[in-house]
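Residue numbers (our numbering), protein chains in the order written: chain A, 234 to 671; chain B, 234 to 671; chain C, 234 to 671; chain D, 234 to 671.
For the record, the hints were derived by calculation from the structure and aren't laboratory data. Just so you know, these numbers come straight off a predicted model, no measurement behind them. Any given hint could be a false lead.
One copy or any two copies: either way a pair holds, since identical chains are not told apart in the list.
What the hints assert, rightly or not - Here are the simulated DSBU-like pairs of lysine-lysine, each with C-alpha atoms no more than 35 angstroms apart in a straight line:
id	residue 1	residue 2
1	K633	K369
2	K369	K580
3	K658	K633
4	K279	K658
5	K362	K570
6	K580	K649
7	K570	K618
8	K618	K580
9	K618	K369
10	K649	K304
11	K580	K570
12	K304	K580
13	K580	K290
14	K304	K658
15	K304	K633
16	K290	K633
17	K279	K618
18	K633	K580
19	K362	K658
20	K570	K304
21	K290	K658
22	K369	K649
23	K290	K649
24	K649	K618
25	K362	K290
Protein chains: 4
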Amino acid sequence: MVPRYARPQMTALWEAEAKYRIWFEIEAHATEKLGELGVVPESAAKALWAWWETNPKVDVEAIDAIEAVTKHDVIAFLTWVAENVGDEARFMHQGMTSSDVLDTTLAVQLARSADLLLEDIDLLLAAIKRRAEEHKYTPTIGRSHGIHAEPVTFGLKMAEAYAEFSRCRARLVAARDDIATCAISGAVGTFANIDPSVEEHVAERLGLTPEPVSTQVIPRDRHAMFFATLGVIASSIERLSVEVRHLQRTEVLEAEEYFSPGQKGSSAMPHKRNPVLTENLTGLARMVRSYALPAMENVALWHERDISHSSVERFIGPDACITLDFALGRLTGVIDKLLVYPERMQKNMDRMGGLVHSQRVLLALTQNGVSREDAYRLVQRNAMKVWESDGALSLLELLKADAEVTAALSDEELEKRFDLEYHFKQVDTIFNRVFGAN
Amino acid sequence: MVPRYARPQMTALWEAEAKYRIWFEIEAHATEKLGELGVVPESAAKALWAWWETNPKVDVEAIDAIEAVTKHDVIAFLTWVAENVGDEARFMHQGMTSSDVLDTTLAVQLARSADLLLEDIDLLLAAIKRRAEEHKYTPTIGRSHGIHAEPVTFGLKMAEAYAEFSRCRARLVAARDDIATCAISGAVGTFANIDPSVEEHVAERLGLTPEPVSTQVIPRDRHAMFFATLGVIASSIERLSVEVRHLQRTEVLEAEEYFSPGQKGSSAMPHKRNPVLTENLTGLARMVRSYALPAMENVALWHERDISHSSVERFIGPDACITLDFALGRLTGVIDKLLVYPERMQKNMDRMGGLVHSQRVLLALTQNGVSREDAYRLVQRNAMKVWESDGALSLLELLKADAEVTAALSDEELEKRFDLEYHFKQVDTIFNRVFGAN
Amino acid sequence: MVPRYARPQMTALWEAEAKYRIWFEIEAHATEKLGELGVVPESAAKALWAWWETNPKVDVEAIDAIEAVTKHDVIAFLTWVAENVGDEARFMHQGMTSSDVLDTTLAVQLARSADLLLEDIDLLLAAIKRRAEEHKYTPTIGRSHGIHAEPVTFGLKMAEAYAEFSRCRARLVAARDDIATCAISGAVGTFANIDPSVEEHVAERLGLTPEPVSTQVIPRDRHAMFFATLGVIASSIERLSVEVRHLQRTEVLEAEEYFSPGQKGSSAMPHKRNPVLTENLTGLARMVRSYALPAMENVALWHERDISHSSVERFIGPDACITLDFALGRLTGVIDKLLVYPERMQKNMDRMGGLVHSQRVLLALTQNGVSREDAYRLVQRNAMKVWESDGALSLLELLKADAEVTAALSDEELEKRFDLEYHFKQVDTIFNRVFGAN
Amino acid sequence: MVPRYARPQMTALWEAEAKYRIWFEIEAHATEKLGELGVVPESAAKALWAWWETNPKVDVEAIDAIEAVTKHDVIAFLTWVAENVGDEARFMHQGMTSSDVLDTTLAVQLARSADLLLEDIDLLLAAIKRRAEEHKYTPTIGRSHGIHAEPVTFGLKMAEAYAEFSRCRARLVAARDDIATCAISGAVGTFANIDPSVEEHVAERLGLTPEPVSTQVIPRDRHAMFFATLGVIASSIERLSVEVRHLQRTEVLEAEEYFSPGQKGSSAMPHKRNPVLTENLTGLARMVRSYALPAMENVALWHERDISHSSVERFIGPDACITLDFALGRLTGVIDKLLVYPERMQKNMDRMGGLVHSQRVLLALTQNGVSREDAYRLVQRNAMKVWESDGALSLLELLKADAEVTAALSDEELEKRFDLEYHFKQVDTIFNRVFGAN
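For reference, chain A alone in the conformation it holds in the complex (with noise of 0.2 angstroms):
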């Protein structure tokens, strides 16, 4: 976890103090489940609650402390459990085993984890949302290859990203599925020495869904699932932040990151506004998708379970639900104050010479019947002359000059398919597509 790129809500959620706090109630809601199946005292569960209910302060030194000697994190924290509860606190952990209380744990973590995610995500999508409508038809050349294409809008480019995180959030609410299990099934996950009810119970109370067979571990496919898919919406971060980016260039300068008063682009040149919130997230997406190999990694462990897993998720747990939180606020902040500019849209646009409308003249030549290969070779050789030009000439003129292209289309059929509107007449079904329907 890097400091800088991280959020307090979601950092504290995995802060030694919250994770002793969900052990806790863990191990009381399973001790209360237990007094009720008579397999121990039901003052056990009222002693653990009656103290909890002074809200004591969680000791995380004096946790420690104790696990320097004892080497087991869990029994450590039983034992400063028992020191300040008392005697009833022995019958804490019966039949149960430290997976239990730790895979449940890193369960609830991630689901609220995901939770806040969900959370961040609406935020940005809330975002993305307003800056659509705002340009749903904010003229804007499209670009494939990095080359001009043909006209799109704005609002259509915010569509795709709103179309784009609206996927991210449904794979988000799956993947949260998919982790938010727990198991309370004892070593090796036979229930031996504890009933499958104390696992129910603890589930319900928890806001989990029983793992139908563990295995002293909730098998780690679950937790391969879940980084691979923060993979993949961090993947999808990269990719708004990349057009963000690319928008900035000096040359093209459709769009820029907000510029805050007092900020200082460079310490040599003082002239400069770079995009750096976006190529950190750029970045940062690249950390978060790595995390999917080491998390596939951890799913083979070795027959009923091994540890090798644990290290790698005292990494991967904090570090991409934390950056990922931070990237997500962090992009919700560049769309919500991205300056636009449609008037250096409109120039960048018309800065080719009309070479963007090269696909209406050449659909129209075909319909009035030049066959495709010769249309295709017409409407090519004048755009290559605009093209040569850097957009001096323009390609309307050049066809209205070409005598083969007259003897199929007049002045007046070739103007039309000039219209920058033509383009977004489906805007509205697109926008109804992803928005729905007004």
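Using the hints, position chains B, C and D against chain A.
Using the frame of chain A, we list chains B, C and D on its own:
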């Protein structure tokens, strides 16, 4: 694609001929709808379908030869079709762009691949289920960290695999839905020169859903999610393969890959019977999951599209699907024919002098009033003696001779804790969770 | 391996026939030495070489047919050789194990592939150097964050690429050394049944070094390092490709991939000239670097060896080498024929109203006694006006009109800071560093 | 960075204070040279060094507070230094750009980290060597595919690890050289405002080499190579760790991680002694190698530079170095204190009824005139009986009873092939290769 790791049905889906067949269908369905809309003559689609009904050979070499000149694959294909169908073919591809054909084709190939992979998983699940039921109550030692823990059954191991591949199945269904979209939206995706109803028509005919907003290309987050999902499935294949490899180790030998008559395990050592199939699957899993990252890097195409994704997909499209198909098939064979040795399982379990029952004694001590810490100490000091004797000593006998232990537990109470069946009392519950109630 | 991204010479190295030829050589060289040692008759090697000198066709199908029965590739090959050579062939492979042949063969293939790749890099370096010298003093704007920074020359861009690929070359030489080892050490690598001098003999004949200690297999850290190195080289290919893609953007257009007559950029838009080669290289780079991870996962084989690495290497051995060879060749072609537009470079540089000189003014102010903070503020406030005017205003004129500025710098002093040549005074120094002194 | 996987010396290198100390040194060394060149007063560097000699506390909070306003880290640092040193400090950073400081600092941090890692590897090599010599002739079974193959010695296993980490050491030396460069070349790297001799001076003082051509940043192929190399080293750590984990399995138990008094292997099962250190190392290896890919993605910065690499390096710079340092230290401890059980090794070897000698019989048969195919068949048919008896039958006895075998080999000749020492006759040769001749 490595031929030895490929099966014909899946491979055929990715061959040039299959691709061109899908191209034709897309073009013909689109022309059909364009005819209905009056954009092209209705005779065009009729001519195309009439020719198609003659079941013409798709002449891959001829198309390649044209491409060598045009340097454009779709134009080469259209030219070849025109050479065959004649004049009416010039109405094909009206208002479309190459990506409409290429991306929709990839969607069809991936969706059909997913269908085959789903069938593969179903066969694997069936094999696992059969072995699970066969060995529902076959005792075997559960191992954590490679060390004996407590008893499980071989059926439980199979149940876990069944649950895991059931999750994989559900994820693949979701990934298939994600990928199975159709884009016929023209240059930069504005539908400027083609009505959205054409897309809807082609989608419906090919069993796809229309892409809500495309940008000439279908957005690559869909593909990233698809390949990431295959990577997770591959990781689950690795897990079950590693389990078999461990079970087949000389010292363990609780199960073994089927060894066919005439097979030679080693050119140098005639006595060898190696788990080569599951080792091979371990390697194949590494490959399939490695494809997730380039797929994620493909997401951030520049602006409306660039072509950098294409070369990546020429590798991983076929390679991921073909290799995973092969791996699932191979794993199904391994499980189906796996030689299982219950006697050896029992023998291995017995070699630890009863250590596997240590937890039950621990619990019994605490239930009879010994503090958890004392109980742990009492059991551990006897367990370590057994451990150091390499199973020559018996934990039960040592405990009976430990005065601090017998102060809390009678011989009879101790013996009760060494009952193997005790561990299996929830096996049926778990089976019901995994396979459904009988 | 994707045929369209493969060149014949490299591909041939990885075909079955080439592999079997190396197998034969290893076996024959080893038999030769075994003859010298008196382990087998000297006639054996003579018989083998005598047959080999007849230049026999390597009958891949025949060998495959035998393997279908034996399920063991090396035994199948030995059987086939025996069928051809006759009785003397039974002395082949004495004391050896399959891995001796397979791993040494892979070393030969990788070493020969590295040799081809080194030739590729040399050709690329030559092309880059030629363009560097051609454009040593061609002014172009340097860009940080995609934003105009200060002037550089196009030759400097090429010099950087030259230095980078020179480093790649050195790394590949090291990786080749790492991989080029020979293991003929028998089962589990103890030389129990074969004298170490056989290994030394075969190594010397094949241009390899003997593996100091093998464990039946050559240790896979060597291969991991090799493929990781190819991944780094691929990433450098991506860097130069991305540079070209950026330079070819419509609004930038400072350079362009060569566009051959008759080429069609788009089936729909006849005006397009797209940087498809470098986009393609971007994708290929993603693939080649993705192979680093499975190669690293291959390192941790179980005990003396398992076979999980094998399937991975059947993919990435040929795919990494063939794809990188193709990519280096393609990049060389791109650089060699790159269309470079110096006028456009100048035009782009001029469009910023002199902002690119802001740092020099900043330095002049501080040198004349203005505090750094004040100097920054003074330059920035004028620079922002130019920025917002989209280059219509001139920084020099604005500075001349700013009383706080002119209090420290005269008009003449200001003008001196707008001299382009100033930036190029160390170009020769850098060229000497990169290409060596003239 | 996960604190529990971090050691203080390496961690300190990556803390803010260490970074700022390097920043100061770079600036002061550069100012010194600029003074010599007459660009700034010589008094400037003197003032800086005079203050530095007072050993001032680097006030990280104060610098952070300034950065919160300027949003630029280097400017914040320079401002803080100026507040402390006074007026002379304004001459710092003349003609430099932030990246000159940042990139050279990263080079220093990585080079110093590499130095620590090299020390770590030396300690590991020493531990391995000691155990190798201790167990040079301790017989143990060599295993391929997890299956008994032929005898090796435990010393050979250690020799292999020694050779592997020696290679890792050499690779790290090369990677250190690759990364240890200094760039003080100003905006876009042209030295327009700073003389190359400043770079040479700073490089010499910091033990770096000057970067031949930088583009404001040091090219990231260097870093990619560095992190890829760490990934390979991590993979070698995984290999040795997996070996220990396998040896510690209950059924194998030929070696064991040291188990300290008072340690608890499991909260639920008091009998457990788990290889938790090497399992942990397996996970850490997954993390370290995962960093190779984002490092490779960092190479293709846009034009002269973008800032996307920075966030990646804030993670992987410290995380890769700190984690690998910890892992090397932990592995050294594991090897140093590893409990090795030669009796158990012998016992395991004996359990296969002599199957491990099958190859020698095969060779003896062929040497006495039996065809390879027949010899294989004869040995295999007896070996399979032993195999199926689970080692109860003796291969030697069965062979003596097989008339086809005894037709070629006498009892005495057979017995000679079951000599364990035979396998170790080249151990000394291998040790000389690995550790050098005595």
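Hints, one by one, checked against the model:
| no. | hint | in the structure |
| --- | --- | --- |
| 1 | K633 x K369 | within (33 angstroms within a copy, 43 angstroms between copies) |
| 2 | K369 x K580 | both (18 angstroms within a copy, 33 angstroms between copies) |
| 3 | K658 x K633 | within (26 angstroms within a copy, 51 angstroms between copies) |
| 4 | K279 x K658 | between (68 angstroms within a copy, 29 angstroms between copies) |
| 5 | K362 x K570 | within (13 angstroms within a copy, 45 angstroms between copies) |
| 6 | K580 x K649 | both (21 angstroms within a copy, 33 angstroms between copies) |
| 7 | K570 x K618 | between (40 angstroms within a copy, 21 angstroms between copies) |
| 8 | K618 x K580 | both (20 angstroms within a copy, 20 angstroms between copies) |
| 9 | K618 x K369 | both (33 angstroms within a copy, 30 angstroms between copies) |
| 10 | K649 x K304 | between (80 angstroms within a copy, 31 angstroms between copies) |
| 11 | K580 x K570 | both (22 angstroms within a copy, 31 angstroms between copies) |
| 12 | K304 x K580 | between (68 angstroms within a copy, 33 angstroms between copies) |
| 13 | K580 x K290 | neither (63 angstroms within a copy, 50 angstroms between copies) |
| 14 | K304 x K658 | between (69 angstroms within a copy, 33 angstroms between copies) |
| 15 | K304 x K633 | between (85 angstroms within a copy, 29 angstroms between copies) |
| 16 | K290 x K633 | neither (83 angstroms within a copy, 44 angstroms between copies) |
| 17 | K279 x K618 | neither (86 angstroms within a copy, 39 angstroms between copies) |
| 18 | K633 x K580 | both (24 angstroms within a copy, 30 angstroms between copies) |
| 19 | K362 x K658 | within (20 angstroms within a copy, 51 angstroms between copies) |
| 20 | K570 x K304 | between (50 angstroms within a copy, 18 angstroms between copies) |
| 21 | K290 x K658 | neither (63 angstroms within a copy, 41 angstroms between copies) |
| 22 | K369 x K649 | within (23 angstroms within a copy, 48 angstroms between copies) |
| 23 | K290 x K649 | neither (75 angstroms within a copy, 42 angstroms between copies) |
| 24 | K649 x K618 | within (21 angstroms within a copy, 40 angstroms between copies) |
| 25 | K362 x K290 | neither (44 angstroms within a copy, 49 angstroms between copies) |
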